[in-house]
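Novice: Listed below, chain by chain, are the residues.
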Amino acid sequence: MSVRAIALGIAFLALATLPYWMSGIYYINVSSQILFYAVFALGLNVLVGYAGLVSLGHAGLFGVTAYATGYMLQLGFGHPIAILVALVISMISMAVFAALSLRSTGIGFIMITLALGEILWGLAYRWISLTGGDNGLSLKTRPEPFGYSLSDVNTFYYATLIIFLLSLAAVAVFVRSPFGSALMGTRDQPRRMNALGYHVWAIRFFACLFSGLLTSVSAILFVYYTQFISPQTLALTSSAEVLLMVISGGAGTLLGPIVGAGLVVAVKTVVSGFIERWNFLLGAIFVAIVILMPEGLVPGTARLWRLAWGKRDRGTGAIAGGAEAKP
Amino acid sequence: MNLWLVLAVNSITFGGLLFLLSAGFSLIFGLMRIPNLTHGSLFMLGAYVGVTFVLGIRGFQLNFWLAALLATLTVAAIGALAERLLLRRMPGDQLAQVLVTLGLSFMAADLCLMIWGGDPISVPTPPELEGFARFGVLVFPAYRLAIIVIAAVFAIALWLLLERTRLGAMIRAGVDDPNMARVVGIRVSQLFTIVFALGAGLAAFAGIIGGPILSVYPGLDQDMLPLALVVVILGGTGSLLGSFVGSIIVGFIYNFGQALLPELAYFVLFLPMLLVLLLRPQGLFGRHVP
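In order, the protein sequence lines correspond to chains A and B. Be aware that the first sequence starts at -2, since it is given in the working numbering, and climbs by one per residue. Be aware that the second sequence starts at 127, since it is given in the working numbering, and climbs by one per residue.
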C-alpha cells in the first residue's frame, strides 16, 4: 500500500508542476486533453466498471452538453449561464437516456445506448438550423473565472487539473460510500440485492446520473479547449474511444481509466502525426485488448506485480459484471 | 396525392432493403445473443465489392445480378471467417464478442476508405429495369418495384427455410434454448457459423441491390447500423416477422420523416422506439427482453 501511496504522490507532484518541466505548449495542451478525457473515462467507468452497464452512447451525451454550451454562447449569454444551462439540459437528457436504457441490462443496454447515441449523432448532423450541421459551432472566447483568463495554456491546464482532481475525489468517495457498495452489489448480484430490499433500478438510475454529470463536466472542458464542436464528436467512434480508455486501463478500478485516457490520447496524438488511419488502429487495439488482456492494463500489471512479489492473486472484476456469479 | 403514393412506394422499397439487412441481424442476435455491430460494414462492403464487379476490373465488367451474387458470396465468406477465427475464441463472453465486432467495424470502415476512396460511387441501375412502370396515371421507377418484389421473395424464402427445413428447425431450436438444443445433439456452434454467414450475405446483398438508390459512400455503414438496431428493438430479436414489421415501420417513418421534417428525420425514428421500450421492452414480436 505504501508503494501505491508514494507512486500516487509522485504522480500528483508531476501533474502539479507539469508546465514547469514539460517543454512546449503543444505537450501542455496534450496533457490538458488527457486530463479532461480522463474525467470522461472516470464517468463512463462508473457505469461500465461499477454498475456493469456498458454504454456505447456516451459520446451522444457528451455532445449534448458541448452543443448546449456552444449554442447558449451563440445566443449571447455569459459563460456562467451557458455552463449552468448546459449542465441542466445534460442532466435532463441523461435522465431520459437512463430511463430508456435501463429497460434492459447487459447486451440490451448496449444496444439501446448505441441506438440513442446514434440518434443524437444524426440529430447533430441534420438539425442544421440548431447545430450548424457539418460546419459545427465555434466558440469565440474562453471564460475568465476569478480574473484568470483560460485562453492562457497554463491556466487552462491548471483549471483542468483542479476539475480532474475534484472528479477523481468524487469518484473515490462514491466508490467507498455505501451507495457505491450497493451499486457494485447490483452489478454482481442483482437478484439478491433486490431480495435484500434495495431498489436495484433506482440505484442504477442514480449511477447513470452521476456518470452523466462527470461526462458533462468533461464535455464543457472539451468544448472550451477546442472552441469548436461538430457532429464528429458524437460519432460512435468517440463513444468507442472512451470505452477503450476504460477497458484498456481496467474497468472497475479507480486509476485504470486515467491510465487508459493517457494511453489512448497519447497514441492517437502520436499516430495521427504519421498516418491517417487512426480508426483502423483503434479497431485493431480494441480487438487485441479484448482477446489478449480483457482485464485491462492496470489490473493486468497489478496482477503481475503481486505475482512478482509472491502475494496471492486475489483476482479482479471482469470488464462487466453482466454475468451473475454462481450463488 | 401522387406525391404521397410515390413516398409510400419509396418507403416500402426502403423497408424491403431494411428487412434484408435486419433479418440476418435479428437471427444472429437470436442465436448468438449479440448485436453484430459489423452488420452496417457488411452492408457497405457488399455494395463496394458489388459495384467494383459492375464497373469492371481491368475492363472486365459483370452483369449486375452476377456481381450481386458474387458480392454476396464474398461477404458471406468473410462473415463466416470472422465468426470462425475471432468470435469463436470467446464462447459465452458476449460483451467481448460485441466489442470485437465493434473493433472490426472500425477496421472495415477504414479499409474501405483506403481501397475505394472518400468519394461516393454511384451504382448503375441494371439496364433492364431502368424505365418506369405505369399504372394508369401513376408512374413508378421499375427498379424500386423490383426491389419490393425481391424483398418479398426473400422474406418468403427465409420463412420457408426457417419453418419448413431441417436446418430451419435447428436454428429455431438454437434460438429458443441453445443448451437444450445442444443436449439433443444439434451442433449449435456450427449453426453460429452458418447463421453468421447467412446474415452477412443478406446484408451484402441488400447493400448491392440498394446501391442504385442509395449509392455507396464512406459512412454508409454508420447510416445503416442504427436503422437495423431500431428495427430489431421495435420488432424483437430472433423473430423474422418482427424484422419484417419493424422494417416496414422504420421504412415509412424514415422516408416520410425525411420528406416532411428533413432536419429531424433521425429524431422521428426515436419516437416509436421510445413507445416500444416503455410499453413492450421485448419488442413487438420478441419473446424475451434482450
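These are computed hints drawn from the structure, not numbers from a lab. There could be a bad hint or two in this list.
Quick partial rundown of chain B residues pointing at chain A, CB under 8 Å, derived from the structure [as the list claims (entries may be wrong)]: (1) W191; (2) L195; (3) R298; (4) D302.
Label-pair distances were calculated between CB atoms; the ranges are [claimed, not checked]: (5) B:S315 with A:F271: 53 to 61 Å; (6) A:S(-1) with B:L207: 28 to 36 Å; (7) B:R210 with A:N191: 37 to 45 Å; (8) B:R210 with A:A92: 58 to 66 Å.
Far from chain B, some chain A residues (derived; all Cβ distances over 12 Å) [claimed, not checked]: (9) Y24; (10) W275; (11) V287.
Where a beta carbon is used, it is the ideal one built from N, C-alpha and C, also for glycine.
Novice: Go through the numbered hints given earlier and state which of them the structure violates, listing their numbers in rising order.
Specialist: 1, 2, 3, 4, 5, 6, 8, 10 and 11
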